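Under the numbering used here, the residue at position 78 of the sequence shown is numbered 83, and the numbers go up by one with no gaps.
The set of hints was computed from the structure by calculation and includes no laboratory data. Note that this is a predicted model, so its numbers are computed, not measured. Mixed in with the good hints, there may be bad ones.
[Claimed, not checked] Taking lysine to aspartate or glutamate pairs in the EDC-like style, the calculated list, with each CA pair at most 16 Å apart, reads: (1) LYS54 - GLU22; (2) LYS104 - GLU162; (3) LYS104 - GLU23; (4) LYS54 - GLU169; (5) LYS12 - GLU22; (6) LYS24 - ASP8; (7) LYS12 - ASP137; (8) LYS12 - GLU23; (9) LYS54 - GLU168; (10) LYS104 - GLU168; (11) LYS104 - GLU169; (12) LYS54 - GLU162.
[To be verified] Label pairs and their computed distance ranges (CB to CB): (13) ASN75 - GLU108: 48 to 56 Å; (14) THR143 - TRP41: 22 to 30 Å; (15) MET118 - ASP8: 16 to 24 Å; (16) ALA106 - SER130: 33 to 41 Å; (17) ALA106 - LEU38: 27 to 35 Å; (18) LEU114 - GLY21: 35 to 43 Å; (19) ILE154 - VAL78: 22 to 30 Å; (20) SER130 - ILE164: 33 to 41 Å; (21) GLU169 - ALA106: 12 to 20 Å.
In this text, a Cβ means the ideal position worked out from N, Cα and C, and glycines have one as well.
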Amino acid sequence: VIDPVLKIIALDFGVGEEKAAWTISAYAFPYGLCQWFYGPLGDRIGKLKVMSVALMAFAIGTAACAFVPNLAVFIALRFITGVCAAAIIPLSLSYIGDKIAYEVRQVALARFMMALMLGQIFSSSLGGILQDLFGWRTTFLVFGGGAVIAAGALVYESIKFPEEAKDKPFSFKPFADLFAMPAGQA
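All chains, please: the whole structure from these sequences, using the hints.
Shown next, in the form of structure tokens:
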């Protein structure tokens, strides 16, 4: 949603577009970096629970973007929302893999990926339309409100379909193996 409103945000804060573009990096960097964190957490306490909390935090952070007084606060909120958004796609894919029968899993994954692509396509268009009609701040309120609705649906699903808690302690051991040196190469 940020691309079509970036120029307007830069004007609103009285900065150049290159400085306002930090809002994109502030979201994208933690989004990519934090995805690996949520897999073990979702396995330990439940994927739907983790997605619910992350999506609610994302929703609050997104809506809060409408009230920022300056670019620095906006960038900080975009960073936080990037951290939170990182949970959604990997845990969704994992949840589909856990819960959908193998025979129909490909169809479920295709539908999920189609929804992701349509969301990306229409969010920019919708963001531009909302910005033109109501301003960029309202755009963030609307998208934050939509995320609250989605988070509520996930909370409902996590209550309706509780996941078993794992008895093993939370660990990042699988990731440690990625960085271990092969035997004999010390």
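For each hint, the structure was consulted:
1. A C-alpha spacing of about 38 Å is found between LYS54 and GLU22, which places the hinted pair above 16 Å, so the restraint is violated.
2. Between LYS104 and GLU162 the CA atoms are separated by roughly 13 Å; this keeps the pair inside 16 Å, and the hint holds.
3. Between LYS104 and GLU23 the alpha-carbon distance is near 44 Å, which puts this suggested pair outside the 16 Å criterion.
4. The suggested pairing of LYS54 with GLU169 holds, with an alpha-carbon distance near 11 Å, which does not exceed 16 Å.
5. The straight-line distance between the Cα atoms of LYS12 and GLU22 is roughly 6 Å, inside the 16 Å bound, and the hint therefore holds.
6. For the hint linking LYS24 to ASP8, the alpha-carbon distance of about 14 Å falls within 16 Å, and the restraint holds.
7. With a C-alpha separation of about 12 Å, the suggested pairing of LYS12 with ASP137 holds against the 16 Å cut-off.
8. Proposed proximity of LYS12 and GLU23 is supported: the alpha carbons are some 10 Å apart, at most 16 Å.
9. Restraint check for LYS54 and GLU168: the C-alpha separation of about 9 Å stays at or below 16 Å, so the hint holds.
10. Using a Cα cut-off of 16 Å, the hinted pair LYS104 and GLU168 holds, with the two alpha carbons roughly 10 Å apart.
11. In summary, the hint linking LYS104 to GLU169 is supported, as the alpha carbons are separated by about 12 Å, within the 16 Å threshold.
12. This hinted pair checks out: LYS54 and GLU162 have alpha carbons roughly 9 Å apart, not beyond 16 Å.
13. A hinted range of 48 to 56 Å holds for the C-beta pair ASN75 and GLU108, which are about 53 Å apart.
14. Under the hint 22 to 30 Å, the C-beta atoms of THR143 and TRP41, about 34 Å apart, miss the expected range.
15. Separated by about 21 Å at the C-beta atoms, MET118 and ASP8 satisfy the suggested range of 16 to 24 Å.
16. Checking the proposed 33 to 41 Å range against ALA106 and SER130 shows it holds: the Cβ atoms sit about 35 Å from each other.
17. In this structure, ALA106 and LEU38 meet the distance hint of 27 to 35 Å, their C-beta atoms being roughly 33 Å apart.
18. LEU114 and GLY21 have their C-beta atoms about 42 Å apart, which keeps the hinted 35 to 43 Å range intact.
19. Against the hinted window of 22 to 30 Å, the Cβ-Cβ separation of ILE154 and VAL78 comes to about 25 Å, which satisfies the hint.
20. Our hint of 33 to 41 Å for SER130 and ILE164 holds, since their Cβ atoms are close to 34 Å apart.
21. Roughly 18 Å separates the CB atoms of GLU169 and ALA106, a value that falls within the hinted 12 to 20 Å.
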